[in-house]
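Q: Residue-level listing of the chains:
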Amino acid sequence: MQQSVFARQGTRLALPISIVLILLVGALLSDKFLTLRNLTNVLINMSIVGIIVVGMTFVFVTRGLADLSVPATVAVGGLLVLGLQSSLGTLGAAVVGVLAAAIAGAVNGWLVGYAGLNPVITTLASGTIVLGIAQVFVGGVIVYGDDPQAQDFLTGRVFGVVPVIVLIFIAVVAMGHLLLSRTVLGRWSYAVGSNPFATQASAVPVRRVRAIVFLLTGTLAGFSGVLLGVTLQTARPGIGMGYEFDAITAVVVGGVSLLGGSGTVLRAIGGLLFVQLLTNIMVLQGVPTEPQGIVKGVLIAGAVAIDVALRRRGGRE
Amino acid sequence: MTETAVLRMTGISKSFPGIRALSAVDFDVEAGEVHAVVGENGAGKSTLMKVLAGVYQPDDGTIELDGVAVRLSDPIEARRRGIGMVYQELNLVPDLTVAENILLGSTPSRFGLVDRRALREQARAVLDELDARIHTDDLVGSLTVSQQQIVEIAKVYAARPRIVVLDEPTSSLSEHETQSLFRIIGRMTEAGLAVIYISHRLREVLDISQRVTVLRDGRLVDTRPTSGITAAEMIRLMVGRDLTEVFPKREVEIGEVALSVTGLSRAGEFDDISLTVRSGEILGLAGLVGAGRTEVARAIFGLDNRDAGLIEIDGTVVNIRGPRDAVRAGIAYVPEDRKRDGIVPQLSIKDNISLAVLDRVSAAGWIRPNAERTLARQKADELTVTPPAITPRVDTLSGGNQQKVVFAKWLAAGPRVLILDEPTRGVDVGAKADIHTIIGELAARGTAIVLISSELPEVLAVSDRILVLHDGRISAELPRGASEQEVMHAATGEFVS
Amino acid sequence: MTSTRHILDSEVFHALVRNRVVVILVSTLVIGATLVPGFLEFRTASLGLDRMATLGLVAIGLTVVLIAGQLDLSGGAILALSGIATIGLQSQLGQIPAAIVGLAVGVAAGAVNGFLVVVLRINSLVATLASLLFFRALCHLITESRPISGIDPLFGLIVSRPIGGTFTGRTVLFFAMIVLLHLWLTRAVAGRQLFAVGSNPASAEASGIRSRAYLFGAFVFSGTMAGVAGVIQSLSVNTGSPVFGERIVLVAIAAVVIGGTRLEGGRGSALGTLGGLLTIAALTTAMEYQSVPAYLQDIVTGVILLLLILLDRTVSSSQRRDVTLAALWRRAWASRQLKENERTNAP
Chain G
1 MQQSVFARQG TRLALPISIV LILLVGALLS DKFLTLRNLT NVLINMSIVG IIVVGMTFVF
61 VTRGLADLSV PATVAVGGLL VLGLQSSLGT LGAAVVGVLA AAIAGAVNGW LVGYAGLNPV
121 ITTLASGTIV LGIAQVFVGG VIVYGDDPQA QDFLTGRVFG VVPVIVLIFI AVVAMGHLLL
181 SRTVLGRWSY AVGSNPFATQ ASAVPVRRVR AIVFLLTGTL AGFSGVLLGV TLQTARPGIG
241 MGYEFDAITA VVVGGVSLLG GSGTVLRAIG GLLFVQLLTN IMVLQGVPTE PQGIVKGVLI
301 AGAVAIDVAL RRRGGRE
Chain V
1 MTETAVLRMT GISKSFPGIR ALSAVDFDVE AGEVHAVVGE NGAGKSTLMK VLAGVYQPDD
61 GTIELDGVAV RLSDPIEARR RGIGMVYQEL NLVPDLTVAE NILLGSTPSR FGLVDRRALR
121 EQARAVLDEL DARIHTDDLV GSLTVSQQQI VEIAKVYAAR PRIVVLDEPT SSLSEHETQS
181 LFRIIGRMTE AGLAVIYISH RLREVLDISQ RVTVLRDGRL VDTRPTSGIT AAEMIRLMVG
241 RDLTEVFPKR EVEIGEVALS VTGLSRAGEF DDISLTVRSG EILGLAGLVG AGRTEVARAI
301 FGLDNRDAGL IEIDGTVVNI RGPRDAVRAG IAYVPEDRKR DGIVPQLSIK DNISLAVLDR
361 VSAAGWIRPN AERTLARQKA DELTVTPPAI TPRVDTLSGG NQQKVVFAKW LAAGPRVLIL
421 DEPTRGVDVG AKADIHTIIG ELAARGTAIV LISSELPEVL AVSDRILVLH DGRISAELPR
481 GASEQEVMHA ATGEFVS
Chain S
1 MTSTRHILDS EVFHALVRNR VVVILVSTLV IGATLVPGFL EFRTASLGLD RMATLGLVAI
61 GLTVVLIAGQ LDLSGGAILA LSGIATIGLQ SQLGQIPAAI VGLAVGVAAG AVNGFLVVVL
121 RINSLVATLA SLLFFRALCH LITESRPISG IDPLFGLIVS RPIGGTFTGR TVLFFAMIVL
181 LHLWLTRAVA GRQLFAVGSN PASAEASGIR SRAYLFGAFV FSGTMAGVAG VIQSLSVNTG
241 SPVFGERIVL VAIAAVVIGG TRLEGGRGSA LGTLGGLLTI AALTTAMEYQ SVPAYLQDIV
301 TGVILLLLIL LDRTVSSSQR RDVTLAALWR RAWASRQLKE NERTNAP
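Respectively, the protein sequence lines represent chains G, V and S. FYI, in our numbering the residues of the first sequence are 1 to 317. FYI, in our numbering the residues of the second sequence are 1 to 497. FYI, in our numbering the residues of the third sequence are 1 to 347.
Think of the hints as simulated: they come from the structure by calculation, not from any bench. Cβ coordinates follow ideal geometry from the N, Cα and C atoms, glycine included. Hints should not be assumed to be uniformly reliable.
[Claimed, not checked] A short, non-exhaustive set of chain G residues, derived as facing chain V with CB atoms under 10 Å:
(1) T183
(2) G193
(3) S194
(4) N195
(5) A201
(6) S202
(7) S262
The following block holds chain G by itself, in its conformation from the complex (with noise of 0.2 Å):
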């Protein structure tokens, strides 16, 4: 039950096409698009969701469906990076944020991975509950920063080009990317997005992987909200919205299916980068930002339909 080498190759090869295309395009309808400035800024942006990413990717790839608490964990690390600024100062309530984002990602991790939990429901009810208790900390209102030499840091330049935070996402993606491809913990997440049987019959401990992603995902969406904290210098509980349906597009528009064992974080992130690029053209071209959103919907949906066709016309299932 082959599927035909063009068929395979086409999917790989789809999406750096994609990309190429959409370089093309934007080059041809602006003159700005392709200039150092706008594309430093499309990185800045990408930066803080392609954190999250490389954590739902991980999600995908063991069929964990995904992880609907990142909006409460985005805004868990914002909130208490500002919240606690003033009495442990921006880095050690940087980490008592992601910290509290990790514990958040581990009992969803418990929920899901050993007791079996629908991870839909499971991570929507855990974000309302983690938000909830966010923004009780900080009693529900807009916090506010007060540490312009941090925010300096993070979007200021290294060598004058490169933005602080761009690096600390490409350092992200790089050790998410190595965490999948070169370790153990990466080959199990395959096998177990693949075959949770024959993986368990393997002697992996398919219970605890499928922990971990959540626990993995939940710290780095802290980890990103304490970042856009930190750049903003204010964070208010509604700070994460959204991010986790950017962060679902992007890793389905990069080609991971939704029903695990296959997919890489550069694959992700190159999703992300595809729409993060058909949203900075529709801004070149003075495009409101409401229909952007239409553009993602109908990519998701594309983007899965075209997944389920292809393993269909393979004979997977």
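Knowing the structure of chain G, use the given hints to seat chains V and S on it.
A: Frame of chain G, contents of chains V and S only:
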């Protein structure tokens, strides 16, 4: 009884890639008759029934109903033609009532609303015809397995079939429940239905059927009136074959006890299983499907729980709570269901081979690619996996090669005890020979081997000792050189003096 | 450990879990009555129910989808979109025609979901996530992210004014729908067949039931209900806003799960959903009285939902005896009448 048969299948053949499942099988059933079909695993019983059910299309041969040739293009067509199938896995909706399940799809209604009285009455009528004492308004999910089975039969019966096929109907039933089932079968035949009864339980076959058909290796061996056959004779027909594939057995020095199992039990599956296997010894585990062999193996390996039992490796007690403990203790298990428990389809050959031993080819969690490649290549070569490359995805391989990959995975673990569950099922002759060679080599190196196999020639040729399981218990321990008949007798619980 | 096992396997426990909505509802009412003076008064009840009506309509649609074994996350977005259509088209079409268009939007949105899941065979989670994005973005696009106002605030009183001093229009509508759903699920052939589809679609097909048609219909229904809720909501506040309905799906799922509908499909009931909704309404009323802020209420909802699905997981689903209320009642009645010969033999 020479009326026109309700069903006549003539010259039915069916092949799948690499396997000839059925070769020119003839089969017929008459109205009011119970016709049993027996045979070992892989004999072709379920394939024949699937052809009848419209699931498979035969490559050759004809099917006639009441003397008229028909084409059963799909299960719905078969149902329409009056063929009712009762499978082992029941197709009921647990949250609907008994009556609703029986009449699912043909619920009596008035203006779109369920006509409850008619529903109850019709369901009651069906159940009464079968003399089944089940309340029509109970939820199916709350019934026992035996009762659910009766509901399933009633459901099939309600469609007024001409033929009803029962596939291993008594595997989860008690003695008492089996009698209830037989009563129901009696009612069906009184009503003129033709019943096809597939079972491993030869005693039941003798009880309930009028004729018996024996299949072997996809061929029809014989069809005889039940009154003119004994269990022993059935066994002889089921297993008698030329031992053309002789597997040369290496003489190996047998050492100390490697694996010792005492009093292994799990309620409803197996009871008080005790066995020992020595270094270099091959212990064959024989028995019919449902005897509990795979369940015992999985329990030893930690894939399933056990209620009681002690497991010792090299004299030391090991506490096995899961496969990881088992592997750490030196036990490996090549599973029966290759597709589900054996291979990870989207990973490469290399990744599959290294899956159980990643800690040995990694440092601090980082996989060492060269070490992994070397290990995988080595094992793949040892087992002559085709193609020789280790990068292709494992789901592109043939069944035999996939099995070799699973083998390779466990060889990589260098186990002390290797449990093989139907290792050559669905594997071509060439791969089979390779696997037997490997088994011999492993034994020579001192691995203790447990070999579960339904293929008697294989078990007899390869094992040093044979344990026969029957209904979850050890029914006999036979030495090398035992005959097939002896094994089958112990496996079916039929002891011939 | 064994004693826990005994408790978990006991028939009493099973009966409690199976009929948990009753248990939960009663406890909630007790807590509410203790914390809030005048809780059990008619006026409080009426207000609480009114507030719950919109949520209830969405939950009705969700119940059907869940029984069919699917998920629909887009209810909130469809609600907002329908509301925007209802209000935005008022000046052009008149109020009633605009409301009808709003309703039609819900139907169409449901059809889109149905198309994605049934025709394109996309997993319902992803499909409704995508459509959620899509519809929400459409809302923002049309309104330029600003709420829009209708032409006549008094028109909405139709739904929000107490009729004859008792229940509001939308409360009545909700109750009517719940009753209809209950009747459909328990008495209509199609309703019963829905359980088969959600439980085992393949064997339902084998019995001649067109599973795909049922699945499609379930999504259309869910979209329609969300549309109705959106029309009513926006009329009652004379506003169409792209941010309406943002948390509604979670609370609706919680209500449905409290009511005993399983996430895996094949089991559920309208009365259960009603019980779950009443519980939520009671909880919300009690919490509001205590001036509990919205985010804390969210925590409570989330925790309840999690605990319940955990409970569903832990309790073994193989019961020996039917412990639904109907069966318990029947057993109690029959044992009084000694109708032994009709009952299934005790195993």
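Q: Confirm or reject each hint.
A: Tested hints:
1. The restraint placing T183/G at the interface with chain V holds, with a minimum CB-CB distance near 5 Å, inside the 10 Å limit.
2. The criterion of a C-beta within 10 Å of any C-beta in chain V is met by G193/G, whose closest approach is roughly 8 Å, and the hint holds.
3. For S194/G, the shortest C-beta to C-beta distance to chain V is roughly 4 Å, which falls under 10 Å, so the interface hint holds.
4. Look at N195/G: its Cβ gets to within about 5 Å of chain V, closer than 10 Å, so that hint holds up.
5. Hint status for A201/G: holds, given a least beta-carbon distance of 4 Å to chain V, under 10 Å.
6. The criterion of a C-beta within 10 Å of any C-beta in chain V is met by S202/G, whose closest approach is roughly 5 Å, and the hint holds.
7. This hint holds: S262/G has a C-beta 6 Å from the nearest C-beta of chain V, less than the 10 Å allowed.
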